Amino acid sequence: LFLSCNVAYKTASGTKNQLKNGAVNARSAYLYGPVFFHLLLRKN
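Everything in the sequence shown is counted per the working numbering, starting at 18 for the first residue and increasing by one.
Worth flagging that the hints you see were computed from the coordinates, not collected in a lab. Treat the numbers as computed from the prediction; the structure is a model and nothing was measured. Please note that the accuracy of each hint is not assured.
Computed beta-carbon distance windows for the label pairs [claimed, not checked]:
#1 K33 x R59: 36 to 42 Å
#2 G31 x F53: 25 to 31 Å
#3 T28 x Y49: 27 to 33 Å
#4 K60 x K33: 36 to 42 Å
#5 P51 x S21: 43 to 49 Å
#6 G50 x N23: 37 to 43 Å
Every residue, glycine too, gets a C-beta built ideally from N, C-alpha and C.
Work the whole structure out from these sequences, hints included.
Here's what the structure looks like:
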């Protein structure tokens with residue numbers, strides 16, 4: 018029982034970290050995406 022609780026806890030915290038990282042990635046993509054796109058267009 019303890020083992021399964023431990024695994025569930027690890028899975029939950031891993032998912033929480035993934036969600037946090039996903040939110041950070043989405044925000045940075047939203048912020049920097051247009052900048053990169055603009056630079057890409059200017060280069061061509």
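To see whether the hints hold, each was checked on the structure:
{"no.": "1", "hint": "K33 x R59: 36 to 42 Å", "verdict": "holds, 39 Å"}
{"no.": "2", "hint": "G31 x F53: 25 to 31 Å", "verdict": "holds, 29 Å"}
{"no.": "3", "hint": "T28 x Y49: 27 to 33 Å", "verdict": "holds, 31 Å"}
{"no.": "4", "hint": "K60 x K33: 36 to 42 Å", "verdict": "holds, 39 Å"}
{"no.": "5", "hint": "P51 x S21: 43 to 49 Å", "verdict": "holds, 46 Å"}
{"no.": "6", "hint": "G50 x N23: 37 to 43 Å", "verdict": "holds, 39 Å"}
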